[in-house]
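A.B. asks: Sequence:
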Amino acid sequence: FINYHLSLKNSGKIIQISDLSNGIILIDLIEILSLQKLKRERGHTRFHSLTNIQYVLDYLKQRMHHIDISPYEILSGNRKQTLALLWIIMKIFDFPSFRINDRNCLLEKTLLGFGQDRSITIHWLNNILNHSLNTQETYIRDFYFKTWTDGYYLSIIIKYLIPLSLKYSTMQCFNYVKELNELTPYDKARLHLCLIISNYCFNTIAIVDFADKTEISLFKYFTQLQQHVFDIIKTNQIGKLIQNNSYAKQVLDIAIQTRA
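If you're matching positions, the sequence shown starts at 1 in the UniProt record's numbering and goes up one per residue.
Simulated from the structure, these hints should not be mistaken for lab results.
Note that the coordinates shown come from a computational prediction; the quantities given were computed from them, not determined experimentally.
Computed cross-link-like contacts, EDC-like style, restricted to lysine to aspartate or glutamate with a CA-CA straight-line distance of at most 20 Å:
#	residue 1	residue 2
1	13	28
2	146	212
3	39	28
4	188	150
5	159	187
6	220	231
7	159	231
Take these sequences, add in the hints, and give me the full structure.
C.D. replies: Spelled out as structure tokens, the structure:
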């Protein structure tokens, strides 16, 4: 669990539980999950380690009362207390269950009750990005807002998929895409506009909570987007789309291919 999230920011990794005893990696983990900067001591003395652990506990106590964990127990490498601290972190940031797979921590397919493993959706999105960009890279690893906030990846995905929409040939869709292309790469309005286009073309009515610090909100959205794209593929209208737009046939092939 820890090493998976640390890898998202290249923040090193832990080998054993005692690696957490100076508080530095715990602070790194909290900063990755919360998108907030915490205070930290840069020294290597016992005092610095205790202070860093206390910073972590102070942050957690603001969000969960009755945390009875001593920084001295974490510093001494108390396994039971350290595991309890990690459980509290998972609880606060809403990780209901997890499993170990290829030394990474992945959420179970029962997450959110959608019956879909997040890794399947991530694989689907990465394949679309790779076909669109003609690359073989792993662009997407999670559904945290920090990954999607500039709208870059989502704009590529949406523009790639919209030929499959029954509304692709409408003037409204044309105007939306034109407006999207005119936005600068770092314009924060791009993410919002992508969601509007997605709703228009694929009826993705999932409410995206921009204040969500977990993966839940965006995972729910992308799960719905994926399902609605597949629903369109199942309809009788898809033949008409392919007949009128040869590019839609290519997108259809990729969408079906990446479903697996």
